[in-house]
Amino acid sequence: KAGVTQTPRYLIKTRGQQVTLSCSPISGHRSVSWYQQTPGQGLQFLFEYFSETQRNKGNFPGRFSGRQFSNSRSEMNVSTLELGDSALYLCASGLGNRYNEQFFGPGTRLTVL
Amino acid sequence: EDKVVQSPLSLVVHEGDTVTLNCSYEVTNFRSLLWYKQEKKAPTFLFMLTSSGIEKKSGRLSSILDKKELFSILNITATQTGDSAVYLCAVVFRTGNQFYFGTGTSLTVIP
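Chains F and X are the protein sequences, given in the same order. With my numbering applied, the first sequence covers 2 to 114. With my numbering applied, the second sequence covers 48 to 158.
It should be emphasised that the hints constitute simulated quantities derived from the structure, not laboratory data. Fair warning: there could be bad hints in the mix.
As the list claims (entries may be wrong) - Below 27 Å or equal to it, Euclidean Cα-Cα: the simulated DSS-like pairs (lysine-lysine) are:
no., chain 1, residue 1, chain 2, residue 2
1, X, LYS88, F, LYS14
2, X, LYS50, F, LYS58
3, X, LYS87, F, LYS14
4, X, LYS50, X, LYS114
5, X, LYS115, X, LYS104
6, X, LYS114, F, LYS58
7, F, LYS58, X, LYS104
8, F, LYS58, X, LYS88
Let the hints inform the model, and build the full structure from the sequences given.
Listed below in structure tokens is the structure:
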């Protein structure tokens, strides 16, 4: 089975721009979660999508949004980028049952200049 | 406020040593605790623990959960340089499927 894939792997943007990141989960997985990882804050939960609906949301501003398509692929969008948004963005897929683990993708490294 | 705290923050040991990594939590609606290993890429799953006192084991790694004292430990025996990584613990809430991560323990194993 193919693993979780994320595109692009690296991205450089400037302040004020917006960015869209993509995540394709493992086949058969309906849950996709997004995380921001920075050296100071560790892995912080952004949101989780299950069957095209946002099921959980972390404490991030409204500039961070996402969606999930009928094939379970998910996109995350960040508008009006700030320097502090520079981070590794990881997505993780799972069956969606809270008894199951999540499998992480390789991440997208976003640098905001 | 929910908290997941890992200790120590970093650790340097010699090959062959045994290490114990700690994860304590204060969360409402606890469901399970997971351990992940992160090298210079995505975290990879190690263990999921839901019941107190039952040790999970995989080769040289083992882990146990204490739901009364609200902590888990991850043991690595006979460490190897390939064990060098950041070890993350995450708590899953009873409601929803949100994973709440600690900041990790950075382990360095020197030859």
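Hint check results:
no.	hint	result
1	X:LYS88 with F:LYS14	holds, 22 Å
2	X:LYS50 with F:LYS58	holds, 17 Å
3	X:LYS87 with F:LYS14	holds, 23 Å
4	X:LYS50 with X:LYS114	holds, 15 Å
5	X:LYS115 with X:LYS104	holds, 21 Å
6	X:LYS114 with F:LYS58	holds, 26 Å
7	F:LYS58 with X:LYS104	violated, 33 Å
8	F:LYS58 with X:LYS88	holds, 24 Å
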